[in-house]
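Student: Sequence:
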Amino acid sequence: MYQPRSPYRPAYSGGGYAPAVSTPGLLGQVLGITGVGFLITALGAYLFRGISPMAGLLAFFAALVVLFVMNAVRNNPQVALLWFYAFTFLEGIGLAPTIARYVYAFGPDVVVNAAATTGFGMLVLGGVAFVFSVDWRRFSGIAFGLLIALIVVGVISIFTHWLHPATYSWLVLGVFTLITLIDFSRIRAGGGGATPVELAVSIYLDAINIFIALLQLFGMRSRDE
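Everything in the sequence shown is counted per the numbering used here, starting at 1 for the first residue and increasing by one.
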């Protein structure tokens with residue numbers, strides 16, 4: 001299940017702003033939080049690898065609730081961080097049936113390759129955002145429109161099957177590549193008032209969507225070989 005969300009980040013609740021942090025320091029905090037989150041997600045997916053798809057769907061809904069709670073406590077960084085890690089654990093549970101299905105059908109290599117490619121891709125996108133003097137935030141409006149279109153197309157395709165899954169996965173990769181560049185540009189610019197945890201949520205969700213798209217593409221490639 002893709003976890004699309006708006007690339008816009010002005011609508012934070014509470015009215016508070018994160019204290020000023022240097023860009024390298026902020027990037028280090030965000031990547032550290034995100035990295036631990038991915039380890040927790042992997043742990044959740046492993047521990048609950050035998051659960052049913054319905055249980056995984058319920059875990060995704062629970063994760064959505066946790067996101068709202070985390071936003072409500074954003075002014076308490078320690079508490080927000082704990083809720084973020086709870087969110088990543090639930091995401092791992094939600095992903096467990098999908099990962100187990102791919103492991104059963106194609107072997108563990110397809111999952112490892114998708115995860116490794118995601119990590120490398122995020123590293124490259126972060127480097128592009130920080131090395132080149134392009135402010136990708138100017139494309140936030142375009143990214144938001146593309147994200148809405150992606151959701152609409154995905155919903156229609158569920159009922160009509162008019163779009164090939166590989167095509168949709170490539171569209172997901174394209175849209176979330178742009179969103180990831182925007183999110184890294186926000187970090188480069190100081191976060192725009194967002195806390196490190198909130199920025200970590202953005203990067204985490206970007207990577208999760210990219211991972212799932214790659215998993216589908218690698219799975220289809222393995223099936224065709």
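Just so you know, the hints here were simulated from the structure itself, not pulled from any lab data. It cannot be assumed that every hint is accurate.
[What the hints assert, rightly or not] Cβ pair distances, simulated, as ranges: (1) P165 - F60: 30 to 38 Å; (2) A189 - G145: 35 to 43 Å; (3) W162 - L47: 19 to 27 Å; (4) F68 - L47: 23 to 31 Å; (5) F60 - A116: 33 to 41 Å; (6) V134 - W170: 31 to 39 Å; (7) L58 - I151: 20 to 28 Å.
We put the CB at the ideal spot given by N, CA and C, even for glycine.
Student: Take the hints in turn and mark each one as holding or not.
Tutor: Now for the hints, and whether the structure bears them out:
1. Taking 30 to 38 Å as the suggested C-beta distance range, the pair P165 and F60 does not conform, at roughly 19 Å.
2. Range check, A189 to G145: Cβ separation about 22 Å, and the 35 to 43 Å hint is violated.
3. For W162 paired with L47, a C-beta distance near 38 Å fails the hint of 19 to 27 Å.
4. The supplied range of 23 to 31 Å is met by F68 and L47, whose beta-carbon atoms lie about 25 Å from each other.
5. In this structure the supplied range 33 to 41 Å is violated for F60 paired with A116, their Cβ-Cβ distance being about 24 Å.
6. Between V134 and W170 the C-beta distance comes to about 23 Å, which lies outside the given range of 31 to 39 Å.
7. Hint check: L58 to I151, Cβ distance near 21 Å, so the stated range 20 to 28 Å holds.
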